[in-house]
Amino acid sequence: MQTTQYNEEEIMIGEGVGFERIRRITGYLVGTLDRFNNAKRAEERDRVKHSVTSPMERI
Amino acid sequence: MIRQIVKRDGRTVPFDEKKIADAIFKAAKVLGGDNYEMAQDLAHQVVLYLEQQYGEVEPTVEQVQDAVEHTLIENGHSRTAKEYILYRAQRTRVREMNTKLMKIYEDLTFQDAEDNDVKRENANIDGDTPMGTMLKYGSEGAKQFCEMYILDPAYSKAHIDGDIHIHDMDFYTLTTTCCQIDIEKLFRGGFSTGHGFLREPNDIQSYAALGCIAIQSNQNDQHGGQSIPNFDYGMAHGVVKTFRKLYRKNLAKACELLCGMENAEETIKGMMNAIQEETGLYPILADDNGYREEEAKRLGEMMDPALAEHCQQFAHKSAAQETDRSTFQAMEALVHNLNTMHSRAGAQVPFSSINYGTDTSPEGRMVIKNILLATEAGLGNGETAIFPIHIFKVKEGINYNEGEPNYDLFKLACRVSAKRLFPNFSFLDAPFNLQYYKPGDPNTEVAYMGCRTRVMANVHDPSRETTFGRGNLSFTSVNLPRLAIKANHDVDLFFEMLDHEIDLVIDQLMARFRLQASKKVRNYPFLMGQGVWLDSDKLSPDDEVGEVLKHGTLTMGFIGLAECLKALTGYHHGESAESQKLGLEIIGYMRKRMDEESQKTGFNYSLIATPAEGLSGRFVRIDKKRYGIIPGVTDREYYTNSFHIPVYYEINAFDKIRLEAPYHALTNGGHITYVELDGDPSKNLEAFEAVVRCMKEAGVGYGSVNHPVDRDPVCGYTGIIDDVCPRCGRREGEGVSVAHLKRIGAYKNYNADTIGYHGDPHEEADRIPNKV
Ligand SMILES: [Zn+2]
Numbered sequence: 008m009q010t011t012q013y014n015e016e017e018i019m020i021g022e023g024v025g026f027e028r029i030r031r032i033t034g035y036l037v038g039t040l041d042r043f044n045n046a047k048r049a050e051e052r053d054r055v056k057h058s059v060t061s062p063m064e065r066i
Numbered sequence: 217m218i219r220q221i222v223k224r225d226g227r228t229v230p231f232d233e234k235k236i237a238d239a240i241f242k243a244a245k246v247l248g249g250d251n252y253e254m255a256q257d258l259a260h261q262v263v264l265y266l267e268q269q270y271g272e273v274e275p276t277v278e279q280v281q282d283a284v285e286h287t288l289i290e291n292g293h294s295r296t297a298k299e300y301i302l303y304r305a306q307r308t309r310v311r312e313m314n315t316k317l318m319k320i321y322e323d324l325t326f327q328d329a330e331d332n333d334v335k336r337e338n339a340n341i342d343g344d345t346p347m348g349t350m351l352k353y354g355s356e357g358a359k360q361f362c363e364m365y366i367l368d369p370a371y372s373k374a375h376i377d378g379d380i381h382i383h384d385m386d387f388y389t390l391t392t393t394c395c396q397i398d399i400e401k402l403f404r405g406g407f408s409t410g411h412g413f414l415r416e417p418n419d420i421q422s423y424a425a426l427g428c429i430a431i432q433s434n435q436n437d438q439h440g441g442q443s444i445p446n447f448d449y450g451m452a453h454g455v456v457k458t459f460r461k462l463y464r465k466n467l468a469k470a471c472e473l474l475c476g477m478e479n480a481e482e483t484i485k486g487m488m489n490a491i492q493e494e495t496g497l498y499p500i501l502a503d504d505n506g507y508r509e510e511e512a513k514r515l516g517e518m519m520d521p522a523l524a525e526h527c528q529q530f531a532h533k534s535a536a537q538e539t540d541r542s543t544f545q546a547m548e549a550l551v552h553n554l555n556t557m558h559s560r561a562g563a564q565v566p567f568s569s570i571n572y573g574t575d576t577s578p579e580g581r582m583v584i585k586n587i588l589l590a591t592e593a594g595l596g597n598g599e600t601a602i603f604p605i606h607i608f609k610v611k612e613g614i615n616y617n618e619g620e621p622n623y624d625l626f627k628l629a630c631r632v633s634a635k636r637l638f639p640n641f642s643f644l645d646a647p648f649n650l651q652y653y654k655p656g657d658p659n660t661e662v663a664y665m666g667c668r669t670r671v672m673a674n675v676h677d678p679s680r681e682t683t684f685g686r687g688n689l690s691f692t693s694v695n696l697p698r699l700a701i702k703a704n705h706d707v708d709l710f711f712e713m714l715d716h717e718i719d720l721v722i723d724q725l726m727a728r729f730r731l732q733a734s735k736k737v738r739n740y741p742f743l744m745g746q747g748v749w750l751d752s753d754k755l756s757p758d759d760e761v762g763e764v765l766k767h768g769t770l771t772m773g774f775i776g777l778a779e780c781l782k783a784l785t786g787y788h789h790g791e792s793a794e795s796q797k798l799g800l801e802i803i804g805y806m807r808k809r810m811d812e813e814s815q816k817t818g819f820n821y822s823l824i825a826t827p828a829e830g831l832s833g834r835f836v837r838i839d840k841k842r843y844g845i846i847p848g849v850t851d852r853e854y855y856t857n858s859f860h861i862p863v864y865y866e867i868n869a870f871d872k873i874r875l876e877a878p879y880h881a882l883t884n885g886g887h888i889t890y891v892e893l894d895g896d897p898s899k900n901l902e903a904f905e906a907v908v909r910c911m912k913e914a915g916v917g918y919g920s921v922n923h924p925v926d927r928d929p930v931c932g933y934t935g936i937i938d939d940v941c942p943r944c945g946r947r948e949g950e951g952v953s954v955a956h957l958k959r960i961g962a963y964k965n966y967n968a969d970t971i972g973y974h975g976d977p978h979e980e981a982d983r984i985p986n987k988v
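Top to bottom, those sequences are chains L and E. Per our numbering, the first sequence starts with residue 8, numbered consecutively. Per our numbering, the second sequence starts with residue 217, numbered consecutively.
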């Protein structure tokens, strides 16, 4: 017998909860970008990815 | 005739020629001068010059001081002028200090970390907590005190002006940077933390717990990172002990069950003790030391030999499984502890590093496997652990090639790093590391500390070119772009200025050493008091530490080789082979100067590729103000780390590695090369491993692969999240329905505190345990 009636389609969780983003800054991992100082935030933003295809493959 | 001068606050005061004479005399005295009459004579010339310049207008204090400098230089007293300028700068700073420090305190008190760069200077300290703020009050106050009253004005000026950066100045008068803790030695016979004595640990759980306590205790004595260089070898002893206990328990159980042995536990214990007393043997994981045969003989007297063998097999198999599980739990607890235990008034976790990968004993392998699996699993809710920094030692013959004893663990290390960013990889085959290596002796395996520090050579005692108990004493970095801007494309002039800068840094490091050397053993109850630092066990509490500190390194660092080359030639070393050549000449020259100084003095001067936390913005801010925006040099908010190719520059991973590798050979005080991978490397382990192997082949000493690691705390997904979570489909800040979470199998145990997510069914299902 069910005593409480609720619709699980309507119960929302996670509102206001952000994603965690771990990054490495000067060797240490840091949980959120907020704790970086300004210069480090800029450095992280500027990073470009390094391709792993060899120069031969690119030709 | 000058009667009055205008003070800085606008008030006028009577002019006194004698004050000028006194100031000049003071400056001359520093250089050994004792001619007050000449000082008076010069002071008079200053007055004449002022009258000529300003006529009837009352001069300001600044103008008077300018006139003194001018007169001194005009009269050929340029060295006295230099002293006078320093004296003047010092006075200005003393005047400004109080207001400046109080302004900093005000900002620390009333601004959030979000708005305050000082609070975010070190990303691992939470500047918004009371203890974090208190730490900052102390640190900022100590820095100002040091600049003002401790440092020679020449060093202080160079630091404040941004020619050099004296790292960790808040600890200048207090301690040294870091140490590589030999836990095998530390645990033998137990140790004292300063708050109580801890007995020699008896199983892997307590080995792991004590490992954390050792790191925490030492972190109270030093300001830098704490490293365990022989994590696998050290923890393996705990595994040996746990296995022995569990074997005894299981053998007793089997004997009782299968043979109806009475008092089985007592009987088995007695038998095992007797065997150990008489033969020195005890059961081990490898099962190859003759213990089993010895035990079979004795069990055979109590029961049917076939049954005895059966019991032995059961005991070994069960003990091995339980030991494995116990080791995993111990490693899980260690990672958890190192992420939550506090040092420094509770505002920060210790900066911990552990090195492992080369112990090929079954126990060592069990430690390596389980520390990796615990890291892969993540913290309680699947979060990526921030500490410790893991360094996997790659070595040919041990773990690099198929068929080598720890090759499976190298593969596992790649898999874990591709998911969790750790371990990093150190390469013992790089010639500059290999030269110290002796097979089977972890004390000869180069280890890395924290973000990159490396200590190995030892001119102070060439018979001790070893890892354990040594560390960096202090380091100071040179602003390379500044020198290049000042040299204005003249490479010879650049080297000339660099030479002077190096002289200054060498002297400053030595001055700091003198302060460090005068400290006593009792100032460092753990580091020195427990004999962690090399040879400190030969000292008593009131001895000075200077002599043993000589095993440590005095290190010069550098920032912004890329911007330096850009300023000198128009191209950085990623863009032009010529620039690469010049870059190697510059860093090679810096290293040569360190080596020469080491030979000359018997101190371990070394060169480090500076990690730039807190510094990367400071230098460029000052240079931007001084020289304006120079494209490719001062046009960003940071200077590039050490010898790195700029992060914004498009380059193939393998090219980057090959260009940076030669700098590793030159930077004997530490180095690291990073590669940024796109996408989720867990899904492309071949590419990940290819990058690591390329580092090894190129002669890199220490390297690491960066990739984004995001996590949705609601559904537990760990990987890359752009805007929308690939598992549950929510955007940042959005809610998701319980029904939906249930449908995708990511909902467990909802309550208001935990958002509902515990553990990750998808990851757990994917995990493949390695065989030991
Ligand atoms: Zn999600």
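Accuracy of the hints is not assured; some may be wrong.
[As the list claims (entries may be wrong)] Capping the alpha-carbon separation at 25 angstroms, the derived lysine-lysine pairs in DSS-like fashion look like this: (1) Lys298(E) / Lys899(E); (2) Lys373(E) / Lys841(E); (3) Lys461(E) / Lys56(L); (4) Lys816(E) / Lys840(E); (5) Lys899(E) / Lys56(L); (6) Lys319(E) / Lys841(E).
In case anyone wonders, no lab produced these hints; they're calculated from the structure.
These are the hints, each one checked on the structure:
no.: 1; hint: Lys298(E) / Lys899(E); in the structure: violated, 62 angstroms
no.: 2; hint: Lys373(E) / Lys841(E); in the structure: holds, 17 angstroms
no.: 3; hint: Lys461(E) / Lys56(L); in the structure: violated, 50 angstroms
no.: 4; hint: Lys816(E) / Lys840(E); in the structure: violated, 38 angstroms
no.: 5; hint: Lys899(E) / Lys56(L); in the structure: holds, 16 angstroms
no.: 6; hint: Lys319(E) / Lys841(E); in the structure: holds, 21 angstroms
Taken one by one, the earlier hints fail for this structure at numbers 1, 3, 4, listed in ascending order.
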